[in-house]
Amino acid sequence: MRPRYHRTGDADPGKMDERFGLSLVKKKIMRTFFRLIRWQTLLFLILTQFLVKYGIVAGLVPDRVLFLTTSDPSFIFLVISTALLAAAGFVINDYFDVKNDLLVKPERVMVDVKISRNKVILLHTLLNVLGVICGITASILAGNPWFSFIFVALSLFLFYYSARLHHRVVGSVFLIAMFPLIAIGLVWLFEFSTLQLPMEYLHLKIARVVAFYAFFSFISVLLILLVKQLDYLHNGMEDDRSFIASIGKSKGQLLIFILIFLCAGLLLSVAPLLFYPTYKVTLTVLAMVLILLGYAMFELSVAFREGNYSRVSFLLKVAVLIGVLSMFMLNIL
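Quick note on numbering: the sequence shown equals residues 1 to 333 in the numbering used here.
Check before you lean on any hint, since a few could be wrong.
As the list claims (entries may be wrong) - Listed next, with one range per pair, are the computed distances between beta-carbon atoms:
#	residue 1	residue 2	range
1	Phe149	Arg208	21 to 29 Å
2	Trp39	Phe314	44 to 52 Å
3	Ile258	Ile133	36 to 44 Å
4	Asn144	Phe50	32 to 40 Å
Said to hold, decoys possible - Derived DSSO-like pairs: lysine-lysine, alpha-carbon spacing no greater than 30 Å straight-line:
#	residue 1	residue 2
5	Lys249	Lys317
6	Lys28	Lys228
7	Lys317	Lys251
8	Lys249	Lys119
9	Lys27	Lys228
10	Lys205	Lys119
11	Lys28	Lys205
12	Lys119	Lys27
13	Lys249	Lys228
14	Lys27	Lys317
15	Lys228	Lys205
Since the hints were derived computationally from the structure, they do not count as laboratory data.
We put the beta carbon where it would ideally sit given N, CA and C, even for glycine.
With the hints as constraints, model all of the structure from the sequences given.
Next comes the structure, spelled out in structure tokens:
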């Protein structure tokens, strides 16, 4: 016979076990959700967009204090929209790629294993709709309702890419690397349409700096993705449709070497000119990034023999983080 509990301080062991079980289920659901939406990548996109606005733009406008103290709800909706649409793209990508993932990396599969396909579609639809709504709201608040079509087109493109292009386009990795570039470009597009700057050359100055960081982000993310594909290929986890698999391991490593060299050349030739007269700070950040890129090239040559690409990926990620955070130096100088 089950004992009765009269005092409020006593707890029913059965109910405690039930609550504990429910809490574990909730934690598993949250972990699955955050893995599906690639929360680390979303944080990187959000950080990048905030640094573009409050680092680059705020650091170059004539009245910095007024710019920083003026509320801008359209920017908040823009950031939320970008994050939601990116999350929707990641979710639907996992949905369409589940069969391939079961073959090459079954331990990472979540669709049909930890979450049903119907729930994945529902989650994608919810994120997509909310992302488009936030994008339309941002466009209206910025005084440019025509910008709404950008978010609708971006939503449709991400779905079409996951459903069709992801399986057909060998160089689809380049399209994935375009997303940070798009996120940075959207911030500048909204700021360009709302800023009332007295000097035309200032618009050009900001545009050049934004373009520099956008291209740097594109090349850096592309490098990280290619190194990841090279690692998967070396360990037999990559399928034949990947870009690295299509060109071969040796050519893939050579391409990564060339891209790192081009990235270093871009930094050496363009950065000192863009950030004049702040040479001391520019050269310090530049030296840190170049050292990391050089060390990454050395580790890449070692990894080609040993097969451990984790250090290469880590060094590239640190270099990207330092490069992106350097946007803020324009605001404090």
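Which of the listed hints are broken here? Failing hints, ascending: 2, 4, 8, 10, 11, 15.
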